[in-house]
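Colleague: Input sequences plus hints: build the corresponding full structure.
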Amino acid sequence: MNTQRFNWQIWAGFLLSLAASISYPVIFMRWPTTRDFPWVTLLLYVVAAALLVIGIRRAFASGRALKSKIAASILTALTLVIMGLFLFSTLIMSRWLPASQGAPQVGQKAPDFSLVDANGKTVSLSELLSSSTGGQQMSKPKGVLLIFYRGYW
Amino acid sequence: MCHSELRSIEKNLDKFHQAGIRPVAISVDNPEINREQMVGNAGYTFTFLSDPNLDAIRRYDLVHAGAGENGHDIARPAEFLIDSKGTVRWLNLTENYFVRARPEQILEAAKTVSSEQ
Chain A
1 MNTQRFNWQI WAGFLLSLAA SISYPVIFMR WPTTRDFPWV TLLLYVVAAA
51 LLVIGIRRAF ASGRALKSKI AASILTALTL VIMGLFLFST LIMSRWLPAS
101 QGAPQVGQKA PDFSLVDANG KTVSLSELLS SSTGGQQMSK PKGVLLIFYR
151 GYW
Chain B
1001 MCHSELRSIE KNLDKFHQAG IRPVAISVDN PEINREQMVG NAGYTFTFLS
1051 DPNLDAIRRY DLVHAGAGEN GHDIARPAEF LIDSKGTVRW LNLTENYFVR
1101 ARPEQILEAA KTVSSEQ
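Chains as they are written, first to last, in our numbering: chain A, 1 to 153; chain B, 1001 to 1117.
Rather than coming from a laboratory, the hints here were simulated on the basis of the structure.
Some hints could be false.
[Claimed, not checked] Covered by chain A, according to a simulated footprint, are these stretches of chain B (three or more residues, beta-carbon under 8 Å): (1) 1019 to 1027; (2) 1044 to 1053; (3) 1057 to 1068; (4) 1075 to 1081; (5) 1090 to 1101.
[As the list claims (entries may be wrong)] Across the chosen pairs, the derived CB separations fall in these ranges: (6) Lys1015/B with Ser73/A: 51 to 61 Å; (7) Arg95/A with Asn1053/B: 25 to 35 Å; (8) Leu78/A with Lys1015/B: 40 to 50 Å; (9) Arg5/A with Lys1015/B: 53 to 63 Å; (10) Ala99/A with Gly1071/B: 52 to 62 Å; (11) Thr1112/B with Gly84/A: 39 to 49 Å; (12) Ile22/A with Glu1095/B: 24 to 34 Å; (13) Ala1042/B with Val47/A: 26 to 36 Å; (14) Ala61/A with Arg1007/B: 20 to 30 Å; (15) Asn1041/B with Trp96/A: 21 to 31 Å; (16) Glu1104/B with Ser62/A: 54 to 64 Å.
All C-beta atoms in this analysis are idealised placements derived from N, C-alpha and C, irrespective of residue type, glycine included.
Modeller: Right under this line is the structure:
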């Protein structure tokens, strides 16, 4: 009867792969060391895969009900889909960025622009470089760091 | 949305100011979103600029066509360090969305800019 006990490994493997995938955007993307490469998730995937292998071997052992084999197969397939989607989005899709070959290079003049700040005030790059606008505790800056980001849209 | 890069700038804002570097964030978000979300909710204290028509984003060749919600054009992540004469001194065009410039890296690159008159 021992073989008919609850196959916890297969469930643990499935749930762990799910938790590992979710943990990246929710937790590990916050710090550069765990964000630049999702190694925490990949480590957890290794553990999840090991659990799945044990679970599949249990499910397909002789004397095990068909129901158990089907459940193990479905959970394994779902886990592989989860892992596949995660790896695809973090390692492949994340590189689908425009080449930006026309971006100003080192030594070139940075194109000027006039944009509206969070207070509704229009400021230009030359103003940012030459004055202490924006309520910051700074005299005339030595330089400006432009950080372009995707935004909420 | 992941703020880890912007948050790391905010955390190191004193160091940037000491180096004479003013961080300025630019996205397609409108000023209302920047005021409510970035300055209000997230508590950023450096400058946030709105580029809903992608004027600056296009001029810097950073348009990521259709990559935003509902197929909006947005900016790809990028960082530029510009000196007081308006010359680009350092830039980072990441090849991977999840890999961004770190504050230490930017401050290191800013050293020559900071030491100028």
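Colleague: Each hint: holds or not?
Modeller: Cross-check of the supplied hints:
Here's how the region 1019 to 1027 of chain B fares: 9 of its residues keep a CB closer than 8 Å to some CB of chain A, so the rule of at least three is met and the hint holds. For the region 1044 to 1053 of chain B, the assignment as covered by chain A holds, since 7 residues bring a beta-carbon within under 8 Å of that chain's beta-carbons and 3 suffice. A count of 10 residues in the region 1057 to 1068 of chain B with a Cβ less than 8 Å from any Cβ of chain A is obtained; the coverage claim is therefore met, three being the minimum. Three residues within the 8 Å Cβ limit are the bar, and the region 1075 to 1081 of chain B against chain A gives 7, so the coverage statement holds.
Residues of the region 1090 to 1101 of chain B with a Cβ under 8 Å from some Cβ of chain A number 10, which satisfies the need for three, so the listed coverage holds. Remark: the range hint 51 to 61 Å for Lys1015/B to Ser73/A is upheld by a beta-carbon distance near 54 Å. The beta-carbon spacing between Arg95/A and Asn1053/B, approximately 27 Å, falls within the hinted interval of 25 to 35 Å. Between Leu78/A and Lys1015/B, the C-beta spacing of about 46 Å keeps the proposed range 40 to 50 Å intact.
Distance hint check for Arg5/A and Lys1015/B: the Cβ-Cβ separation is about 58 Å, which falls inside the suggested range of 53 to 63 Å. For the hinted restraint 52 to 62 Å between Ala99/A and Gly1071/B, the CB-CB distance of approximately 20 Å leaves it violated. Look at Thr1112/B against Gly84/A: about 45 Å separates their beta carbons, and that is inside 39 to 49 Å. At roughly 25 Å, the beta carbons of Ile22/A and Glu1095/B sit within the given window of 24 to 34 Å.
Distance hint check: the CB atoms of Ala1042/B and Val47/A are about 34 Å apart, consistent with the given range 26 to 36 Å. As the Cβ distance of Ala61/A to Arg1007/B is approximately 50 Å, the hint placing it in 20 to 30 Å is violated. In this structure, Asn1041/B and Trp96/A meet the distance hint of 21 to 31 Å, their C-beta atoms being roughly 29 Å apart. A beta carbon spacing of about 59 Å between Glu1104/B and Ser62/A agrees with the range 54 to 64 Å that was offered as a hint.
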